[in-house]
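Q: Heads up: the protein sequence lines correspond to chains Z and U, in order.
One gets the numbering used here by counting positions in the first sequence from 1 and adding 12 to each.
One gets the numbering used here by counting positions in the second sequence from 1 and adding 268 to each.
Just so you know, the hints here were simulated from the structure itself, not pulled from any lab data.
This one's a predicted model, so the numbers in the text were calculated from it and none came from an experiment.
Worth double-checking, as some hints may not be accurate.
As the list claims (entries may be wrong) - If we take Cβ atoms under 7 Å as the criterion, some of the chain U residues that face chain Z in the derived model are:
no.	residue
1	ASN270
2	PHE274
3	ALA276
4	GLY282
5	PRO308
6	ALA311
7	GLY317
8	PRO345
9	VAL346
10	THR347
All residues carry an ideal CB built from backbone N, CA and C; glycine is no exception.
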Amino acid sequence: MHFISVQEADFDIAHEYAELRKDNRSDGAVVFFTGLVREMSQGDSVSGMSLEHYPGMTEKALQQIVEDACERWPLHRVRLIHRVGTLRVSDQIVFVGVSAAHREAAFAACHFIMDFLKNRAPFWKKEVTPAGERWVDAQEKDLRALEKWQK
Amino acid sequence: MNILFFAALREHLGCDQYSLDIPLPSDIRSVRAALIRVFPRHATLLTEGKTLAAVNQTLVQDTHVVNAGDEVAFFPPVTGG
Numbered sequence: 013m014h015f016i017s018v019q020e021a022d023f024d025i026a027h028e029y030a031e032l033r034k035d036n037r038s039d040g041a042v043v044f045f046t047g048l049v050r051e052m053s054q055g056d057s058v059s060g061m062s063l064e065h066y067p068g069m070t071e072k073a074l075q076q077i078v079e080d081a082c083e084r085w086p087l088h089r090v091r092l093i094h095r096v097g098t099l100r101v102s103d104q105i106v107f108v109g110v111s112a113a114h115r116e117a118a119f120a121a122c123h124f125i126m127d128f129l130k131n132r133a134p135f136w137k138k139e140v141t142p143a144g145e146r147w148v149d150a151q152e153k154d155l156r157a158l159e160k161w162q163k
Numbered sequence: 269m270n271i272l273f274f275a276a277l278r279e280h281l282g283c284d285q286y287s288l289d290i291p292l293p294s295d296i297r298s299v300r301a302a303l304i305r306v307f308p309r310h311a312t313l314l315t316e317g318k319t320l321a322a323v324n325q326t327l328v329q330d331t332h333v334v335n336a337g338d339e340v341a342f343f344p345p346v347t348g349g
């Protein structure tokens, strides 16, 4: 039972956690990650950002990442939310929540989903700085992060 | 063939899509070469590695062959999360 959403609206962690636990008697572990907008980026202050995506492909890419995680670990529930549109400093950007019988699978799958989302899901950040707007460059470290998941 | 552009690439090229005159089937490498002929000022930006390609909403390598009716998109490396 998975839930994937690409949305402008904010999300509520308490609600997401409740959904992962609701009528759930089989799972002993819930792990979640949230990504937030930071005030500093590459040495510059950031007042906000806009997030663009490729409608259609985004949902398809996220679905594939969740399916890949489920093939690798015995996950029971995955909830994945990514916001698009205009965001301010400290706003929530992304939520990944995973429930499983045991913590090892939940920790690993949550990490795996974020690492692949960073490299495969078609989102692009444009930051607002005092010098104007600028597109965020993809980082080599995000690509290298995938190496640890090679079987 | 209609090609979609996103993010910084869309802004650099000044359009969110372009109707490219190219015989099909063609591989992505040939599509890139044809795009560079149309947008020579952005040749570097359009090279493999600087710009990713998706066919039917799935990331593909430059050897992937595009057929008539496929949805083709080019965009910069992604920066979500």
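Q: Are the hints correct? Go through all of them and say.
A: Going through the hints against the structure:
1. ASN270: violated, 14 Å
2. PHE274: holds, 6 Å
3. ALA276: holds, 4 Å
4. GLY282: violated, 15 Å
5. PRO308: Violated: closest Cβ of chain Z sits about 22 Å from PRO308 of chain U, beyond 7 Å.
6. ALA311: violated, 19 Å
7. GLY317: Interface hint status for GLY317 of chain U: violated (10 Å vs cutoff 7 Å).
8. PRO345: Nearest chain Z Cβ about 3 Å off; hint holds.
9. VAL346: holds, 5 Å
10. THR347: holds, 4 Å
Checked against the numbered hints given earlier, this structure breaks hints 1, 4, 5, 6 and 7; the rest are met.
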